[in-house]
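Starting from the known structure of chain A, arrange chain B on it as the hints suggest.
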Amino acid sequence: MDAFAPATAATAHGPSLRQRLAAQGFDAVTLLVVPAAIFSLALFVYPFAFGFILSFEPKAGGDWLANYKRFFSDPFLYETIAKTLWLAIPVTLLNLLLAVPIAFRVRLLRHQRLLTTTLVLPITLGTVLVAEGLLNYLGPQGWFNRTLMTLGLISEPLKLVHNYWGVFASLVITGFPFTFLLTLSYVTGIDPALEQAGATLGANSWQRFRYIYLPLLMPGFAITFCLSFVQAFSVFPSAVLLGAPAGPTRVISIAAYQAAFEEYDYSMASAVAMIMGFVQLAIVVAVLASRGLFYRGPASGAKG
Amino acid sequence: MTIALSQFDEVRLDRVSRDFGALNALRDVSLTIRRREFIALLGPSGCGKSTTLNCIAGLLPVTGGAIWLDKQRVDTLRPEERGFGMVFQNYALFPHLNVRQNIGFGLKMRGTPKAEIDRKVDEALSLVRLQGQEHKLPGQLSGGQQQRVAIARAIVIEPPLVLMDEPLSNLDAKLRLEMRAEIRRIHNELGATTIYVTHDQDEALSLADRIVVLRDGVVRQVGSPKELYEEPAHLDVADFMGFRNKLRGRVLEIENGRVLLDVEGARIAGVAREHVSPGSLAYAAIRSDDMAVGTPGDRSLAVTVDTMEYRGREFVGTAHTAGGLDLVFRSHQAVEPGAKIHLQVEDNRVLVFAEPVQGRN
Numbered sequence: 001m002d003a004f005a006p007a008t009a010a011t012a013h014g015p016s017l018r019q020r021l022a023a024q025g026f027d028a029v030t031l032l033v034v035p036a037a038i039f040s041l042a043l044f045v046y047p048f049a050f051g052f053i054l055s056f057e058p059k060a061g062g063d064w065l066a067n068y069k070r071f072f073s074d075p076f077l078y079e080t081i082a083k084t085l086w087l088a089i090p091v092t093l094l095n096l097l098l099a100v101p102i103a104f105r106v107r108l109l110r111h112q113r114l115l116t117t118t119l120v121l122p123i124t125l126g127t128v129l130v131a132e133g134l135l136n137y138l139g140p141q142g143w144f145n146r147t148l149m150t151l152g153l154i155s156e157p158l159k160l161v162h163n164y165w166g167v168f169a170s171l172v173i174t175g176f177p178f179t180f181l182l183t184l185s186y187v188t189g190i191d192p193a194l195e196q197a198g199a200t201l202g203a204n205s206w207q208r209f210r211y212i213y214l215p216l217l218m219p220g221f222a223i224t225f226c227l228s229f230v231q232a233f234s235v236f237p238s239a240v241l242l243g244a245p246a247g248p249t250r251v252i253s254i255a256a257y258q259a260a261f262e263e264y265d266y267s268m269a270s271a272v273a274m275i276m277g278f279v280q281l282a283i284v285v286a287v288l289a290s291r292g293l294f295y296r297g298p299a300s301g302a303k304g
Numbered sequence: 001m002t003i004a005l006s007q008f009d010e011v012r013l014d015r016v017s018r019d020f021g022a023l024n025a026l027r028d029v030s031l032t033i034r035r036r037e038f039i040a041l042l043g044p045s046g047c048g049k050s051t052t053l054n055c056i057a058g059l060l061p062v063t064g065g066a067i068w069l070d071k072q073r074v075d076t077l078r079p080e081e082r083g084f085g086m087v088f089q090n091y092a093l094f095p096h097l098n099v100r101q102n103i104g105f106g107l108k109m110r111g112t113p114k115a116e117i118d119r120k121v122d123e124a125l126s127l128v129r130l131q132g133q134e135h136k137l138p139g140q141l142s143g144g145q146q147q148r149v150a151i152a153r154a155i156v157i158e159p160p161l162v163l164m165d166e167p168l169s170n171l172d173a174k175l176r177l178e179m180r181a182e183i184r185r186i187h188n189e190l191g192a193t194t195i196y197v198t199h200d201q202d203e204a205l206s207l208a209d210r211i212v213v214l215r216d217g218v219v220r221q222v223g224s225p226k227e228l229y230e231e232p233a234h235l236d237v238a239d240f241m242g243f244r245n246k247l248r249g250r251v252l253e254i255e256n257g258r259v260l261l262d263v264e265g266a267r268i269a270g271v272a273r274e275h276v277s278p279g280s281l282a283y284a285a286i287r288s289d290d291m292a293v294g295t296p297g298d299r300s301l302a303v304t305v306d307t308m309e310y311r312g313r314e315f316v317g318t319a320h321t322a323g324g325l326d327l328v329f330r331s332h333q334a335v336e337p338g339a340k341i342h343l344q345v346e347d348n349r350v351l352v353f354a355e356p357v358q359g360r361n
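Protein sequences appear in the order of chains A and B.
Taking UniProt numbering, I'd label the letters of the first sequence as residues 1 to 304.
Taking UniProt numbering, I'd label the letters of the second sequence as residues 1 to 361.
You may find that some hints are simply not true.
Claimed, not checked - What follows is a set of in silico ranges between Cβ atoms, one per label pair, in the way DEER data are often shown:
(1) A:V33 <-> B:E116: 54 to 62 Å
(2) B:P44 <-> A:L21: 50 to 58 Å
(3) B:G139 <-> A:A289: 51 to 59 Å
Hints listed in this document are in silico derivations from the structure and should not be mistaken for laboratory results.
Think of the CB as a built atom: it goes at the ideal place given N, C-alpha and C, for glycine as much as any other residue.
In isolation and in its complexed conformation, chain A is listed as follows:
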């Protein structure tokens, strides 16, 4: 009896609370999440909730949906959604279409680092500097137009800034490095032996891209699209500096800015921000949901 007593006691108590928590994947290291959680609560969740509630408390009082009704009844406001999408979607697609072939080429280069650095440089410059540079370069008296005129290709300067194309160019320049880096990481993540196997099986380079790379890259492209799209959708400085902020490039962030800092109507600005967030969310959810149509497992064949 005595001999069994300690064993019985241990069985009765079972593993300690700490051991049980650890088995659930919860131990002291988990506490390292706390600063990030506080950060996210203070800087994202709280302002978001605050803005969300504020948007239902119109400055003028009255109907709680008044801000949203105003947005969707005033073409000057609701058209900003289409104008922003009309910039953000083509820019994102173009960046992706440019990034893919370049990433495929760079993956084979020995001096990959040098080229990558060159391509990534615009990201470090910031949108305002790029916008100013473009104003000079693409402007009526800029090098671009002067060169074309000197060569006799055009007789009068092309209008490339203070319109849609100025913003478009600026978004391509500042958005490309980001899209490219993401694409490169997805492309290099695919085992080159898969392409070699495709080649020995008789697939030419287009077939290898179409039947091997593309299906494996689609989920990565979807993520890249979403992240690049969100960046382009929140365009503000270049839309003001390079675009026609009262006309074709009156993007949704300009509408929010004007509500907040010209009309001092924070409630309305919050409503615009909520609408902006919702449009982005809708596109991102739609794109990410389409990933389900593709293979999403690991991109190397064997267990190794």
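Below, chain B without anything else, positioned relative to chain A:
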């Protein structure tokens, strides 16, 4: 059997070289592979055996020489135009395609009609005994099954030549023996011509009709497994064929190709495989199986035992001489490490090689 491999008479490598910058990975490799042969490229890592295979497959361009398939020059063709089947070391199965789609990939790329693809894939599936698994993804298969898919995928396109790059190196020991027999069975059933890269001499000896031993990008010896095992032409080939003891000594006398060596005072007699002259330095190569515990005498080496390993039927021990020679021997009884014993060899099991020339042995 409708998987009928393309017919040809021989594949010929004519002084094939491959440089990576200043490094010569392959130097003037010439080799003729006849139809239905099973050739093993054997050598230590970095010897150029995978480079050779990749050059034949077209995955690496050659920097010198030519590769011929009968009268057709193939080294200038892109890999997809050569149509050689290749089995990769990590299998390189397409992770997003199921077993059936993986095997049918090559036929689909050729624009083969759907009904014919289905029929040939069914046949390949039964050849590698994977029926019932055809709708699984590679990630859901075991290593051995993935290996079978890789083989089926390479042979279903009916290639003149099947190339295998260390296909068994990712499998555990038991499965490796099983798949080794499978590869030989498939080779025989199809009447395929196979080039098989390996660093494992057991694999090469048991599978191949002919073995090509490579070292530093140069062909060292070509021959049947029996020839290589019994009559290695050079010291490094002997080393690869299990002659683990290489005893350096001075040539005392030579008579009818039989050489008497003085190794640290012991007199070791053997058959010369290379030209040696009296008074020069030479190596006696001896398998660990042929070196056993004996009695003191002028023909045995006095050694101190370092380790003993249990190998089931016998023990394998390592020991060193007073002069610093390391030896591997077998023994029917365990000997305590540290014990001083005498090792003896059977005269007719010793091969004598000349001292390798500096930088090139």
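Which of the listed hints are broken here? 3
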